[in-house]
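4 protein chains.
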Amino acid sequence: MANKKIGLIVGAGTGLSASLARKFSGAGMQIALASRDTKKLSNLVDELGAAVYSCETSDPKSVRDLFSSVQLDLGDPEVVIFNASKRIRGEITEIDVEEVRDAILTTCYGGFLVGQEAAKIMKRVGSGTIMFTGASAGVKGFPKSATFAMGKFGLRGLAQSMARELHPQNIHVAHVVVDGGIHSEGTNSFSGEGEDNWLLPDAIADTYYHLHTQHRSAWTWEIEVRPWVENF
Amino acid sequence: MANKKIGLIVGAGTGLSASLARKFSGAGMQIALASRDTKKLSNLVDELGAAVYSCETSDPKSVRDLFSSVQLDLGDPEVVIFNASKRIRGEITEIDVEEVRDAILTTCYGGFLVGQEAAKIMKRVGSGTIMFTGASAGVKGFPKSATFAMGKFGLRGLAQSMARELHPQNIHVAHVVVDGGIHSEGTNSFSGEGEDNWLLPDAIADTYYHLHTQHRSAWTWEIEVRPWVENF
Amino acid sequence: MANKKIGLIVGAGTGLSASLARKFSGAGMQIALASRDTKKLSNLVDELGAAVYSCETSDPKSVRDLFSSVQLDLGDPEVVIFNASKRIRGEITEIDVEEVRDAILTTCYGGFLVGQEAAKIMKRVGSGTIMFTGASAGVKGFPKSATFAMGKFGLRGLAQSMARELHPQNIHVAHVVVDGGIHSEGTNSFSGEGEDNWLLPDAIADTYYHLHTQHRSAWTWEIEVRPWVENF
Amino acid sequence: MANKKIGLIVGAGTGLSASLARKFSGAGMQIALASRDTKKLSNLVDELGAAVYSCETSDPKSVRDLFSSVQLDLGDPEVVIFNASKRIRGEITEIDVEEVRDAILTTCYGGFLVGQEAAKIMKRVGSGTIMFTGASAGVKGFPKSATFAMGKFGLRGLAQSMARELHPQNIHVAHVVVDGGIHSEGTNSFSGEGEDNWLLPDAIADTYYHLHTQHRSAWTWEIEVRPWVENF
Numbered sequence: 001m002a003n004k005k006i007g008l009i010v011g012a013g014t015g016l017s018a019s020l021a022r023k024f025s026g027a028g029m030q031i032a033l034a035s036r037d038t039k040k041l042s043n044l045v046d047e048l049g050a051a052v053y054s055c056e057t058s059d060p061k062s063v064r065d066l067f068s069s070v071q072l073d074l075g076d077p078e079v080v081i082f083n084a085s086k087r088i089r090g091e092i093t094e095i096d097v098e099e100v101r102d103a104i105l106t107t108c109y110g111g112f113l114v115g116q117e118a119a120k121i122m123k124r125v126g127s128g129t130i131m132f133t134g135a136s137a138g139v140k141g142f143p144k145s146a147t148f149a150m151g152k153f154g155l156r157g158l159a160q161s162m163a164r165e166l167h168p169q170n171i172h173v174a175h176v177v178v179d180g181g182i183h184s185e186g187t188n189s190f191s192g193e194g195e196d197n198w199l200l201p202d203a204i205a206d207t208y209y210h211l212h213t214q215h216r217s218a219w220t221w222e223i224e225v226r227p228w229v230e231n232f
Numbered sequence: 001m002a003n004k005k006i007g008l009i010v011g012a013g014t015g016l017s018a019s020l021a022r023k024f025s026g027a028g029m030q031i032a033l034a035s036r037d038t039k040k041l042s043n044l045v046d047e048l049g050a051a052v053y054s055c056e057t058s059d060p061k062s063v064r065d066l067f068s069s070v071q072l073d074l075g076d077p078e079v080v081i082f083n084a085s086k087r088i089r090g091e092i093t094e095i096d097v098e099e100v101r102d103a104i105l106t107t108c109y110g111g112f113l114v115g116q117e118a119a120k121i122m123k124r125v126g127s128g129t130i131m132f133t134g135a136s137a138g139v140k141g142f143p144k145s146a147t148f149a150m151g152k153f154g155l156r157g158l159a160q161s162m163a164r165e166l167h168p169q170n171i172h173v174a175h176v177v178v179d180g181g182i183h184s185e186g187t188n189s190f191s192g193e194g195e196d197n198w199l200l201p202d203a204i205a206d207t208y209y210h211l212h213t214q215h216r217s218a219w220t221w222e223i224e225v226r227p228w229v230e231n232f
Numbered sequence: 001m002a003n004k005k006i007g008l009i010v011g012a013g014t015g016l017s018a019s020l021a022r023k024f025s026g027a028g029m030q031i032a033l034a035s036r037d038t039k040k041l042s043n044l045v046d047e048l049g050a051a052v053y054s055c056e057t058s059d060p061k062s063v064r065d066l067f068s069s070v071q072l073d074l075g076d077p078e079v080v081i082f083n084a085s086k087r088i089r090g091e092i093t094e095i096d097v098e099e100v101r102d103a104i105l106t107t108c109y110g111g112f113l114v115g116q117e118a119a120k121i122m123k124r125v126g127s128g129t130i131m132f133t134g135a136s137a138g139v140k141g142f143p144k145s146a147t148f149a150m151g152k153f154g155l156r157g158l159a160q161s162m163a164r165e166l167h168p169q170n171i172h173v174a175h176v177v178v179d180g181g182i183h184s185e186g187t188n189s190f191s192g193e194g195e196d197n198w199l200l201p202d203a204i205a206d207t208y209y210h211l212h213t214q215h216r217s218a219w220t221w222e223i224e225v226r227p228w229v230e231n232f
Numbered sequence: 001m002a003n004k005k006i007g008l009i010v011g012a013g014t015g016l017s018a019s020l021a022r023k024f025s026g027a028g029m030q031i032a033l034a035s036r037d038t039k040k041l042s043n044l045v046d047e048l049g050a051a052v053y054s055c056e057t058s059d060p061k062s063v064r065d066l067f068s069s070v071q072l073d074l075g076d077p078e079v080v081i082f083n084a085s086k087r088i089r090g091e092i093t094e095i096d097v098e099e100v101r102d103a104i105l106t107t108c109y110g111g112f113l114v115g116q117e118a119a120k121i122m123k124r125v126g127s128g129t130i131m132f133t134g135a136s137a138g139v140k141g142f143p144k145s146a147t148f149a150m151g152k153f154g155l156r157g158l159a160q161s162m163a164r165e166l167h168p169q170n171i172h173v174a175h176v177v178v179d180g181g182i183h184s185e186g187t188n189s190f191s192g193e194g195e196d197n198w199l200l201p202d203a204i205a206d207t208y209y210h211l212h213t214q215h216r217s218a219w220t221w222e223i224e225v226r227p228w229v230e231n232f
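Protein chains in written order, with this note's numbering: chain A, 1 to 232; chain B, 1 to 232; chain C, 1 to 232; chain D, 1 to 232.
It is possible that part of the hints are untrue.
Where chains are identical, the list cannot tell them apart; a pair therefore holds if satisfied intra-copy or between any two copies.
Once the Cα atoms are required to be at most 30 Å apart in a straight line, the calculated DSSO-like pairs of lysine-lysine come out as [claimed, not checked]: (1) Lys-39 / Lys-144; (2) Lys-144 / Lys-120; (3) Lys-120 / Lys-86; (4) Lys-140 / Lys-4; (5) Lys-40 / Lys-123.
By construction, these hints were calculated from the structure, which means they are not laboratory data.
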């Protein structure tokens, strides 16, 4: 395991995170997965030999412990992907103030905590890739979606600031705007006409991997992906 | 006092907030000012007959109490302006995780708490104006400024979402991007060449007031203001 | 007439241009109107004492002649507003190449020709305001609207470049994004529910005038206006 | 040759276009190159077996003839890349009106003519990829660069409108924002510190190719590329 490069995916579920794990593993990397709930990741442990960690992304100590464990067990991650978020819908006058705070902290502050720990390692090593999963809610504030707007706009601001700061230090920071619903095993049957309304997570993962492999003379800090049939 | 319309300015200091208070007071409104530190507002009490309240914008109870007090003392505010923020500069790897959380909660979550209370009143009344003070940091993520980027991007997302949701309910929501430093009494002597590097708070206040007076057939949700000499 | 300040509106029709003429005339300015078809402007001549000129905005000589005539007849314009455009709808594979070229030249190149002549005068005088009427089509490229997208995106690029170049020379350049249909005398009866789907041209003109009066310490280069009920 | 897929690059020079030709040729495609001046392309004919055509992109007949010749000689192009532009720098009051018109027509209208012919073929075939080379000047209007701003903003508007219109018809339209100078054989010696100021054309071509290969469930309509050291 020592000679493999390491990719850490935080906020791992069974949809996009699983596809990212398979893509980067298929390219020869050792995968570490972190999630609040690690039970759902057991099949990726078997399939990919992934290491799995429990992490609460909005808790500074939990995030620090995650990075310490990964470094101890596997080594310095070359790729870190932040894929966690919490979404609440409701009229501005109806949403619960505690749930809103929790969602902002998970979606945006959690991205900061993970990005900060990743940057500490990569600045020492002298290179690396940090990627954040954004949403159309991060570039357009929809009605009845103020909570997700705050979290995802904030995450985009973080990514852009980090890109401007860290690119000249040879650390590639990217923000992937996923515009639409991602198909996953939990989604109702995937066939027939409805198919075209979903992003396939394997297809999204191809673009994450392309960003990681870009030559530094032509780095991208942001990219949007959406289904061909999507109105945007 | 009963017949005057009421304007509430949250996050009041001696710079922009004082100019906003003077502008809206000069247009015939009763002004309420809320700030963490109310001492610095005493001259506006004398000058404008403003009511002054202590408020911690990131604390739900403190914000609810503020609105209750204003309604009890003065009545329903027709204009609510959120003007609070906290700024931390530093490399992404150096900034303190507790200070970052506190800054996000003050700048973005505080805007939500104030906006939510304002919206509750204005939906009942059937009209009103809510304005948020943004910054260039809310549309561009600068290096060594990840904290302010998260807070101000998030605030912009909130404002855009609220504008899309509340405009059709006859509530005008606007986000003013202040691009540059605002001259205030604390700023070193204001004369000579340096003058042109600052935004004059009275000039900014004129644009806030214009937004408030726009006919609803041609509402603006966002406007940027910057000094004529500013590179942007 | 010699002591009045002069405002020139190019691309004048009976909708927004008439409201702009009334607003700036009401503020004490002498109005000059230029249009391909001057017949429809006769009532503004009577009502406001406006001077009227024939102009083809995509023809360099015609635009130069216009400015020469205005200067000879009235003097240097302090405000110049470009309000002309040509719109073609149709699938990308169906639109006529000659009509597309003509539309780009009228909408975008015409704005350049007018802006260039205005800038020559204002650089000599040392001040002035140049305003361009944009559209939502200039910030979002809609399907079956490639022609208008090219023209209005191009016009926005012109306005932004001129703002960055001329603001430090004390010339205010602004781009007003009109997002929606403007009510005019030609529009079917204006009453009842349908009312809220239109921008009232008098309301838009108020915002143009506010931009013109902004103090240069807090200039805006772009503003959007849309009806309160509009989805955006 | 009959069984190879065909890629057409319009506006071909020795920099980015040569790298695009090599990349898509290396992936098994037959390359057609079109340029105002075909002499400089002779080495690509030898190296890649590329077909070369003379074309004036702002002339409708010349563009139609190009597509007719390519179809007759090679077949329907599956990929069409528009890479032509004309750039003029100068103060808004100094630039020549004829040169400005010519530049807008080459940069933006030329993109339309090429995009329209490509769309006609691809709608008939039922699939294809159309890519436009943009510039940072197409998203930010720089001072003394009004001409390029108009051309490149307009081209971006075209690309966005075409993407919204054609994606649901299974035609992928993408706009690549090249933010910085592209290194080419004409550039002074490429070594030492200066290296990092340039985009390597081979690196840019990798991203064009990735966009072409994206699964339609996760299509990108726009991407920016810039050197790691670039301030943006």
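Comparing the hints with the structure gives:
1. For a Cα distance limit of 30 Å, the shortest separation of Lys-39 from Lys-144 qualifies neither inside one copy, at 32 Å, nor across copies, at 38 Å.
2. For a Cα distance limit of 30 Å, the shortest separation of Lys-144 from Lys-120 across copies, 14 Å, qualifies, whereas the shortest one inside one copy, 37 Å, does not.
3. Both within a single protomer and between protomers do Lys-120 and Lys-86 lie at most 30 Å apart by alpha-carbon distance, with minima of 26 Å and 24 Å respectively.
4. Proximity of Lys-140 and Lys-4 under a CA criterion of 30 Å is satisfied in neither setting, with 39 Å inside one chain copy and 37 Å between copies.
5. For the identical chains of this complex, Lys-40 and Lys-123 are neighbours neither inside a copy (33 Å) nor across copies (43 Å), given an alpha-carbon limit of 30 Å.
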